[in-house]
Amino acid sequence: MMSGVREMTSGSQAVASQIRRRRGCERALNQFTQQNLPACKPVLTPASVITIFLMLGMTFIPIGIIALRASQKVNEIVERYDADCVPPEYRNNKVAYIQDSSIPKKCSRTVKVEKLMKAPVFIYYQLDNYYQNHRRYVKSRSDNQLLQGLNYSKTSSCKPEESSNGLPVVPCGLIAWSLFNDSYTFSRGMELLQVNRKDISWKSDRDHKFGKEVYPFNFQNGSFIGGGTLDPNIPLSNQEDLLVWMRTAALPTFRKLYGRIEEDLHPGDLIEIDLVNNYNTYSFGGKKKLVLSTTSWLGGKNDFLGAAYIFVGCSSIFMALVFLLLHLKNPR
Amino acid sequence: MANGDRQRRRSHPSSVHSLSFGRQSSEEVLSLIGGPGFSRLVFCNDPHCLQASILKYAGNHVSSTKYNIATFLPKSLFEQFRRVANVYFLLCALLSFTPLSPYSALSNVLPLVVVIGVTMGKEILEDWRRQMQDIEVNNRLVKVHRGGGVFDNIKWKDLKVGAVVKVDKDEYFPADLILLSSSYDEAICYVETMNLDGETNLKMKQALDVTSKLQEDLDFNDFKAVIRCEDPNANLYSFVGSLEFENEQHHPLGPQQLLLRDSKLRNTDYIYGVVIFAGQDTKVVQNSTAPPSKRSKIERRTDKLVYLLFAGLVLISFIGSVFFGLWTSDDITEDGSMTRWYLRPDNTEIYYNPRKASIAAILHFLTALMLYSYFIPISLYVSIEIVKVLQSIFINQDLNMYYEEGDKPARARTSNLNEELGQVETILSDKTGTLTCNSMEFIKCSIAGTAYGIGVTEVERALTRRKRLPDEEVHGDDTSDNAHKASVKGFNFFDERIMNGEWINQPHRDVIQSFLRLMAVCHTAIPEVAEDRREVTYEAESPDEAAFVVAARELGFEFFDRTQGSVSIRELDLVSGKRVERNYKLLNVLEFSSSRKRMSVIVRDEDDGKLLLLSKGADSVMFGRLSEDGREFEARTKEHVGEYADEGLRTMVLAYRELGEDEYREFDEAFRAAKNIVSADRDEMVEEVEDRIEKNLILLGATAVEDKLQNGVPDCIDKLAQAGIKLWVLTGDKMETAINIGYACSLLRQGMKQIIISSETPERVALLKAGDDLAVSAAAKANVVDQINRGKTLIKESRESSDAVALVIDGTSLAFALEDDVKDAFFELAIGCASVICCRSSPKQKALVTRLVKIRTGGTTLAIGDGANDVGMLQEADIGIGISGLEGMQAVMSSDIAIAQFRFLERLLLVHGHWCYRRISSMICYFFYKNIVFGFTLFYFEAYTSFSGEAAYNDWYLALYNVFFTSLPVIALGVFDQDVSAVLCLRFPLLYQEGIHNLLFSWKRILGWAFNGTVSATCIFFFCIRAVEAQAFRKGGEVVGYEILGATMYTCVVWVVNCQIALSISYFTYIQHLFIWGGIVLWYVFVLAYGYLDPYISTTAYMVFVEACAPALSFWLVTLFAVISSLVPYFTYSAIQIRFFPLYHQMIHWVRNDGQANDPEFCRLVKQRSLQPTTVGYSARFEASSKRLDKKPEQATTNIE
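If you're matching them up, the sequences are chains E and U in order. Just so you know, we're using the working numbering here: the first sequence kicks off at 1 and counts up by one. Just so you know, we're using the working numbering here: the second sequence kicks off at 10001 and counts up by one.
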């Protein structure tokens, strides 16, 4: 009970001392404690609302136009081949076709270039309905093993692709195990197009995430072979296909970089694609597409961003006009 | 011991008032001792003896801390996990160590640890403060007998039961003591128990005769005694014990010998006492109960909201689990082939086993519960606590609520009711010490039909101000009005005509002389002549009596001595023109009683031998007792008395007559005879005799004493009334006084219909005499019910004529009205009235009324009071405000917030209450908003991962969202936001209605924010994934992976929630700027720094910003687009709402923005457009009186009786 009394007086002395000295720094403190700090108190007046909407419109529409132009300058060729590459006799049972290793998987497609595609032309493969972002899948890797190789043995997260035949697997885990293994060669007429498959992965992956001294070991030796195999004589950091594949995609439909054609493709060019259709997307009904695309400063072809900018910009202008009308009709 | 001798010669007030000690008979007491509950044994002056050490009574060390080192961890953890939300987070943290977890355990545990840690840190800090106070108390020094008659200082905490202590004047008693002797011969001492019960008057204690001779230190050399007494208990007013001293004689001890810890020795040089209860055993410690913890309505609603969110979380987890189960079971088709072979469904743990998809789904449900824990704001409770503490600091620091004279700032003792201050619907106020200063000031008088006194009452001051400046609020006191304020306490009278002896030039100077003489003689006050000064001070039973005597003194009739049978005054002799001393032989005192409503004295003027009957009393009884020729000034005096009463002054009519010797002798005999009767009707007989002589009086005039309102009370009440807050006055005072104050505070006014429910009816008195208790209460109750019903019909009538009605009810009737079968009707009546005054109510009734109002209205109640009798009310109400005034600390100690003056209530409610309410409610809404935004992006993403429980973001982004990037702006919102500045809050009191109607935290608004959150999340997620889809996202042809999409979306979320707060607050200081933009910058800094950490730590965030996002223009364009377009819906909504459907505070924004806030005419327009007519307060009074000027004044007061 007594304590309260004292607390009161000590508190009051603090206040009293503040009253006595109110200068300079004290004044700022006083403004603070009295909740009197200089402040800006914006009010959404009709004028400011209209201005904000107009400004929004005026910035968004140009950005949208620029973005849309950038997207439209990009040329891309999308060729779906998963269905057509299955021989007619297996059309009813594609899974049996893909799983039967005795059937040759070679397939040839021809695409026509409609517009000039300036080098570099990026080659992507696109998978559909493929859940690289599934929790089991994403977690099924060992970053430490990728960096340290066999020196690192705590790879329980890689299960069930942790070991096979009693020996550890490098690189372990479902992601590596399910490595995409279709391959493509391109020719224009009789001329074989050179595909540059270097530098398709992120530099940080090559330098820091995958070991330069780590070589594939005991990979795809199990009873159930998933995807592609790896050359055991090339260190992981140089296996760029693996690096690309192991950057898991965020969404079930995704593209991954395969390589670059470093020549211009001209309109009317017929490009023949010889591909090996190894990868099983048939059992889960996924599509496989091959994409040839140039890029702009904004990346690949996608009109959404530009269109959305323009749409929001136009709506803003519209709102500004509505507000203006309402305001004129019914002034405060 | 010269000093002591001088003191002993002084006469004590007790010699005038015969004090009766309620001592129990000694046999009765002694029979109890030793029995159960009365086993305590104290060996006086021998605390270290063997028997005493066997008994092991508690030492005098007190501890008010909640924890000690050993109990802190378990106890505070227990406190923490009593919150359901925290238990949930704990479960999540535990589960995160299993493979179920969608994220790493550390990232999940850390936020919980931070949140719990901060809360516990706060607990430690608070407990440490308490500990410091304890140390201070425990280390106070007291003189203790060390043996051989030597007294030494030791610390309080080292004091042992049985020790003999010596306490000096103005010191606190260190423990419960038995008084042995004091510096007075009679072994009495005076004690101030302000800290215990709030009473400021001194209480007298007296030691037993046998010990009273121990007056020197040396006397204690061989003092030995044994005290047997009751065990420690909480009853402050009873004590039973016996003292065994000298020759094994038992002497009974009672409360009269008990000195309680924390009371203070006053007016006594020193006392000796024996410690009987120490430390935890003392009555005051036993009595201190933890104040009931109160929770605000907003907090309760927040809990509900958390449950609601939790329900939502369970629902979406459930949906997710169902889908997950379906997808998983599809992974292996009926013929045994795998569909999503890359997941190896043939070789899997139980969590993904397609053959046991239902179990996998159930386990997934747990995963989802963990994943979606981001829907529940983990830092909500701790943030609210921090914010409230900071808000309380602002309340404590407010200089406008700092009472300079008493050096008392406002003090929020509990911080968890801040926002409740903004929602008060009914204020229940004590009167004395709260509305009034408890000081009476003689302010006006009417003598011989002439009104004297030009002093201005608070009400008049307020009214003149209002007339002068119709819309300018002037705060504080007008110094001009107070310039000539007399410095004499109790005297605020100023009139040149009769002051400084000028009265002898007035026409009726002989009447004035009689009048003043009557004031100087007719009372029971006791003069005290201070030695150093020549001034006389008075001790009187009531402050108004003191005011009379002081007034008489100031006007030249100085009462300076009272002996058993006479009164001496110095007065001006009209004939000689000199000041002469005159003695009046005091023959009889006809005492005041509430039924008589008057007091008289019969004196003999020793100079001329005349016998005088001097009488003063209430106008209702006095005017009927005038003689035919004594009514000369009756008409004028009545008029004046009426005026005074309307101003809320307490009036008293003064009259006298000369008695003949025979008449007196006859009266004296009858009076003595009546007094000596020993029977039940003695009082009645005495009254009858008194009644017979108090007749045929000659009217002298009337006095008006102002029950001084505290500074600014009418102003404050007026503002509160304008804000739509109802004010009930609950007082223990008489009905007349209460009504007076009602007028003074403008709660009542002329022209208001008054419903007076009183049980002091003649029938009841008659029944009481008959002695049939049952019949009495039945009849009384019937009477009250009848009055209530009549009141209700009156209200119905007045509703049609839109007259204001006031209800005045007394305590006895209140007791009936609060009975279960009547209280509904009573309550209906009470809320129909503009003002309610309950007088003569006991502390318990105050608490009952408070509870009734609280439960029945459902609104927030605020009780304000200053005395111990208000404690129940303060604890019962939603908010208890203690006035840290004169009446001790009891009320303050049980209050939630203490202020020094009633007028600070205006600022506390209208400014701080409104702000806190707004801040907390916006803050909570925003909290839910930001977590819903975050949670829904997680949900959408999970849907795209076939509900596998994968989080969209890196573990540490998830973990730091609530505690890092979005926590500071919301705290800034909760601490600093102001919709309307303090000045405007006070200028537009109606703003307060937003809180009463809970507009800012209605379900509509909360769900609106939740909806806004969903919209934002949807915009962010779909814009992001549509914009980055599958194509390359930059010139180099790289595509967006899981980590880049996560970083992009997270960037958008951080931007959106921080910009949203910037949009929704209306007050930007550099602090807000720092926190809001700082939060965003912090995210970039974090992602940069985190990305540079080893890939083992940063995993998916490794170099993500530097390498991938920052160089890509599309990342920035997507961020810009997603942020702006997620905010556009809210922006459009608020633009439309502010422009076309503004809330009241937004209207004030317009006013301020148009620069018209200082244009009084315009302000009045805005006010009037929105102001509902107020029914009480001086504004209403002003309106009413100006209305009345148009019509013919007409007395509408209706008394039902």
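Keep in mind the hints are simulated off the structure, nothing from the lab. Note that CB positions come from ideal geometry on N, CA and C, so glycine has one too. Hints are supplied without guarantee of correctness; some may be wrong.
To be verified - In silico EDC-like cross-links for lysine to aspartate or glutamate, where the CA-CA straight-line distance does not exceed 16 Å:
1. U:Lys10597 / U:Glu10496
2. U:Lys10297 / U:Glu10171
3. E:Lys105 / E:Glu76
4. U:Lys10695 / U:Glu10643
5. E:Lys203 / U:Glu11107
6. U:Lys10066 / U:Glu10123
7. E:Lys159 / U:Asp10346
8. E:Lys118 / E:Glu262
9. U:Lys10075 / U:Asp10127
10. U:Lys10585 / U:Asp10605
11. U:Lys10143 / U:Asp10217
12. E:Lys115 / E:Asp128
13. E:Lys289 / E:Asp143
14. U:Lys11035 / E:Asp199
15. E:Lys289 / E:Asp274
16. U:Lys11035 / E:Asp274
17. U:Lys10169 / U:Asp10134
18. E:Lys118 / E:Asp264
19. U:Lys10597 / U:Asp10510
20. U:Lys10264 / U:Glu10171
21. E:Lys41 / U:Asp11154
22. U:Lys10203 / U:Glu10248
23. E:Lys159 / U:Glu10349
24. U:Lys11035 / E:Glu262
25. E:Lys203 / U:Asp11094
26. E:Lys139 / U:Glu10349
27. U:Lys10294 / U:Glu10192
What the hints assert, rightly or not - Residues from chain U that keep clear of chain E, each with C-beta distances beyond 12 Å, as calculated:
28. Gly10037
29. Ile10054
30. Val10109
31. Gly10117
32. Gly10149
33. Pro10232
34. Glu10299
35. Asn10583
36. Lys10695
37. Ala10780
38. Asp11094
39. Ala11122
40. Ile11138
Here's how the hints hold up against the structure:
1. U:Lys10597 / U:Glu10496: Measuring from Cα to Cα gives roughly 32 Å; hence the hint is violated.
2. U:Lys10297 / U:Glu10171: With a Cα-Cα distance of about 43 Å, the restraint between lysine 10297 (chain U) and glutamate 10171 (chain U) is violated, given a limit of 16 Å.
3. E:Lys105 / E:Glu76: violated, 26 Å
4. U:Lys10695 / U:Glu10643: Cα-Cα ~26 Å, so violated.
5. E:Lys203 / U:Glu11107: holds, 8 Å
6. U:Lys10066 / U:Glu10123: Within the cut-off at roughly 9 Å; holds.
7. E:Lys159 / U:Asp10346: Distance of about 12 Å is within 16 Å: holds.
8. E:Lys118 / E:Glu262: holds, 9 Å
9. U:Lys10075 / U:Asp10127: This hinted pair holds, its Cα atoms lying about 13 Å apart.
10. U:Lys10585 / U:Asp10605: Given pair lysine 10585 (chain U), aspartate 10605 (chain U) holds - Cα atoms ~6 Å apart, limit 16 Å.
11. U:Lys10143 / U:Asp10217: holds, 11 Å
12. E:Lys115 / E:Asp128: violated, 26 Å
13. E:Lys289 / E:Asp143: violated, 30 Å
14. U:Lys11035 / E:Asp199: With Cα atoms ~14 Å apart, lysine 11035 (chain U) and aspartate 199 (chain E) stay inside 16 Å; holds.
15. E:Lys289 / E:Asp274: holds, 14 Å
16. U:Lys11035 / E:Asp274: Status violated; Cα separation ~27 Å.
17. U:Lys10169 / U:Asp10134: At roughly 23 Å apart (the allowed maximum being 16 Å), aspartate 10134 (chain U) and lysine 10169 (chain U) break the hint.
18. E:Lys118 / E:Asp264: Given pair lysine 118 (chain E), aspartate 264 (chain E) holds - Cα atoms ~4 Å apart, limit 16 Å.
19. U:Lys10597 / U:Asp10510: violated, 27 Å
20. U:Lys10264 / U:Glu10171: Satisfied, since the Cα-Cα distance of roughly 6 Å is no more than 16 Å.
21. E:Lys41 / U:Asp11154: holds, 13 Å
22. U:Lys10203 / U:Glu10248: Given that 16 Å is the threshold and the Cα spacing comes to 31 Å, the pair is violated.
23. E:Lys159 / U:Glu10349: holds, 9 Å
24. U:Lys11035 / E:Glu262: holds, 14 Å
25. E:Lys203 / U:Asp11094: holds, 15 Å
26. E:Lys139 / U:Glu10349: Measuring from Cα to Cα gives roughly 13 Å; hence the hint holds.
27. U:Lys10294 / U:Glu10192: Not satisfied, since the Cα-Cα distance of roughly 31 Å exceeds 16 Å.
28. Gly10037: holds, 25 Å
29. Ile10054: holds, 31 Å
30. Val10109: holds, 19 Å
31. Gly10117: holds, 26 Å
32. Gly10149: The claim stands: glycine 10149 (chain U) keeps its Cβ more than 12 Å from every Cβ of chain E (closest is about 31 Å).
33. Pro10232: For proline 10232 (chain U), whose nearest Cβ neighbour in chain E is about 17 Å away, the distance exceeds 12 Å, so it holds.
34. Glu10299: For glutamate 10299 (chain U), whose nearest Cβ neighbour in chain E is about 23 Å away, the distance exceeds 12 Å, so it holds.
35. Asn10583: About 46 Å separates asparagine 10583 (chain U) from the closest Cβ of chain E, which puts it past 12 Å; holds.
36. Lys10695: Lysine 10695 (chain U) clear of chain E: closest Cβ-Cβ about 53 Å, beyond 12 Å.
37. Ala10780: The claim stands: alanine 10780 (chain U) keeps its Cβ more than 12 Å from every Cβ of chain E (closest is about 40 Å).
38. Asp11094: Not fine: 8 Å to the nearest Cβ puts aspartate 11094 (chain U) too close to chain E.
39. Ala11122: Label violated. Min Cβ-Cβ 9 Å, cutoff 12 Å.
40. Ile11138: At roughly 5 Å from the nearest Cβ of chain E, isoleucine 11138 (chain U) sits no farther out than 12 Å, so the non-interface label is violated.
The structure is inconsistent with the numbered hints 1, 2, 3, 4, 12, 13, 16, 17, 19, 22, 27, 38, 39, 40, although it conforms to all the rest.
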